[in-house]
Amino acid sequence: MQRRTVLIAILALLLLVPPAADAQKPIKVGFPMPLSGPAALYGDPALKGAQLFVEEINAKGGVLGRKIELLARDSKANADEAVRVSRELILKENVDFLVGTLTSAEGPAVSVVAKENKVVFIAPIPKTDQLTAPDKLHPYIFRVAATTTMEGRSIAEIVAKWNVKRIATISFDYAYGQDVTRAFVEHIKRIKPGVEIVDQQWPKLGEADYTPFINAQMAKKPDAVFSSIWGGHFLTFSKQAKPLGYFDAIKYNLIGAGEIASPEATKAMGAEYPVGVWGNSYDAFYWQDAPPAHRDYTARLSKFLKDDAPSSWSIQTYMAMQFLVEAIKKAGSTDSDKVAKALLGLTVDTPHGKLTIRAKDHQANRGQLYGQTARDPKYPFAIMKPMTYVDPTKFMD
Amino acid sequence: MSGLRRIPWALVLVVAALFVPALGSRFYTFVATDVAILALFAVSLNLLLGYTGLVSFGHAAYFGIGAYATGILMKKAGIPFLLAFPAAGVLAGLFALVFGFFCVRLTKIYFAMLTLAFAQIVWAICFKWNDVTGGEQGMPEIPYPDLAWMERLPLAGQLRTSDHFYLLTVVLVAACLWVLRRIVGSPFGRILTTIRENPERAEFIGVNVRRFELIAFVIAGAFAGLAGGLFGIFNRGVFPDFVYWSKSSEVLIMTILGGIGYFYGPAVGALVLLVLNQQITSYTQYWPFILGTILIVLLFAFPSGIVGALDAAARRLARPRRA
Chain A
1 MQRRTVLIAI LALLLLVPPA ADAQKPIKVG FPMPLSGPAA LYGDPALKGA
51 QLFVEEINAK GGVLGRKIEL LARDSKANAD EAVRVSRELI LKENVDFLVG
101 TLTSAEGPAV SVVAKENKVV FIAPIPKTDQ LTAPDKLHPY IFRVAATTTM
151 EGRSIAEIVA KWNVKRIATI SFDYAYGQDV TRAFVEHIKR IKPGVEIVDQ
201 QWPKLGEADY TPFINAQMAK KPDAVFSSIW GGHFLTFSKQ AKPLGYFDAI
251 KYNLIGAGEI ASPEATKAMG AEYPVGVWGN SYDAFYWQDA PPAHRDYTAR
301 LSKFLKDDAP SSWSIQTYMA MQFLVEAIKK AGSTDSDKVA KALLGLTVDT
351 PHGKLTIRAK DHQANRGQLY GQTARDPKYP FAIMKPMTYV DPTKFMD
Chain B
1001 MSGLRRIPWA LVLVVAALFV PALGSRFYTF VATDVAILAL FAVSLNLLLG
1051 YTGLVSFGHA AYFGIGAYAT GILMKKAGIP FLLAFPAAGV LAGLFALVFG
1101 FFCVRLTKIY FAMLTLAFAQ IVWAICFKWN DVTGGEQGMP EIPYPDLAWM
1151 ERLPLAGQLR TSDHFYLLTV VLVAACLWVL RRIVGSPFGR ILTTIRENPE
1201 RAEFIGVNVR RFELIAFVIA GAFAGLAGGL FGIFNRGVFP DFVYWSKSSE
1251 VLIMTILGGI GYFYGPAVGA LVLLVLNQQI TSYTQYWPFI LGTILIVLLF
1301 AFPSGIVGAL DAAARRLARP RRA
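If you're matching them up, the sequences are chains A and B in order. To convert, note that position 306 of the first sequence is 306 in the numbering used here; the numbers rise steadily by one, no gaps. Take the position in the second sequence, starting the count at 1, then add 1000; the result is the number in the numbering used here.
So that you can see chain A by itself, here it is in the shape it has in the complex (with noise of 0.2 Å):
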């Protein structure tokens, strides 16, 4: 009898009920994201920003008289889930666009169901260059963050300054690296044909033990380094490499990409960080000559997330609905093939300043901030001091 009512329950369960039609028929928004797991720590803040936009843009009555839908999946950090949620929410929910996506493994995957189902996708966090490389590129992909080529040669313009001959470079063998570390490599070569590169690491993805990588790089007594030993994973490197005296070695001229300049690197390592190394982030609260939407985006943002110290990563999100919705604006619909046209070459004002999304590659002229670690009485972290916002416009193919 039990058994059955268990039974009952579970076909009930099951009966697909669709959602309830709205009336006022939303503009829907498919959002893809890792929002399980370990990758959720960047996937929950991105999914924030996007939310505090939609809540600001509904608050003043939506665009085009419509409301925005943000229907937010777990793509749990992986490309084959973010695929299959991807085209559950273009079928199944009838989205009219794609933002998110984190990994650089789910931007590409997701980018050819947007191309098979004519449907804009905007990615707002993945990194690598395959994602618009020519070969790639369809009417309906564009993407609001640095690429691994900007990020590269980013840092290649500012260790350019640093007065250094014998440059290494350690960063993990697979996609991201390998093509963050070559980007830098050759624009430093390009820029500064003095330097040398003396040696190059390559650990695995997650690489539990450094030693060795460590050792062969200070036998090889280079001045400067270049990491792309990203996020959570810094903090076991660097936890191994500072009783090696690798850090007083270089002279603390260790610059990384992958954003372990970021607020919530530094306060994930604490009192562990090896302050002095250079960083990145996609924004800092504590910005102090940024433009002035910016302090009144961080204040809003912290006022959404009950934060003082809000997230960096917010802002990728919230810039990708912003062109998003002036896109729709300027076409006047919300139709993919016209929200697609209006989108090449569209100029936004975000709280970086105004950015714009190039027609030749549908790629933003997206910088980062830069700068060297310090600590600061103010914060038990932590920040980049001095700080600077590099814009890539230059430098950008």
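Be aware that a few hints might be false.
To be verified - Now the stretches of chain B that chain A is said to cover, found in silico as 3 or more residues with beta-carbon under 8 Å:
id : region
1  : 1120–1130
2  : 1133–1146
3  : 1229–1238
4  : 1271–1284
Claimed, not checked - Calculated Cβ distances over 12 Å to all of chain B for the following chain A residues:
id : residue
5  : ILE197
6  : ALA216
7  : PHE247
8  : ALA249
9  : LYS251
10 : GLU272
11 : PRO291
12 : ASP296
13 : LYS360
14 : PRO392
Keep in mind that the hints were calculated from the coordinates and are not lab data. Nothing here was measured: the structure is a model prediction, and the numbers come from that model. From the three backbone atoms N, C-alpha and C, an ideal C-beta is built for every residue, glycine too.
Since the structure of chain A is provided, determine the placement of chain B on it from the hints.
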């Protein structure tokens, strides 16, 4: 009752499945394709789990190998589906032969751990070998097979490419399931059951247990490979996640949820898990908690799987009438 039994239900279901695209919803076709392919994957695992009593934690390896084989052949070499699809089964079967050779030398948990180890090796290769597998980013844009000829078929002319692919999937999956059904019903299948019940005794009566286990392992691997070949095309891309251990556990859950004691149990498990996953993830972002709870309840309430519970319920309903 006996009249009902004489109807070839499997055939009725296949014919009914062919009419899903006629409902006109792209979404239903999408879900039905997904279910059909993963049902084959789960049933292939059950040949080991339910029939031979071998717990494999690495069945996704063969699924992934099949997906990569078909994907690489069709996308990079331009080989037609007609050859690329069987190649998935052959290649997955060959890998199963090599890995299985070592695995069947171990028993119980050691067997399970070794299958997992081999699967993780395959995953590492898929993840790292950028030139061939596309590495971490996988291989998007696997072309659909050329199914333009279906337009000349009656009723199927107006359908989309994805519908045509669905029809092909239903026919191929049905054919594969039919073959698997014949295998488990054959004397060979009986020997596998004997091995499951009591390997020592089977050995005693002259059965070469290891060899039979290895053959079962190869057959299961080959059919998982065929499912993978279809899935890569359906998913519009092949990714290293196909081979990751979480995929192996997913298919294990499907199989156990549906019922390992029934041939079609795992297929029902695939249907239930997919629909649950789809529904829950679209209603809440706290889906892992909800799905986990439902699975625990299901597994506790139906220790012999959903099909086992339905079977028991049907028997209970039938009994009073007979009396």
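(request) Return the numbers of the hints above that this structure violates; sort them in rising order. (result) Nothing - there is no hint that the structure violates, so all of them hold.
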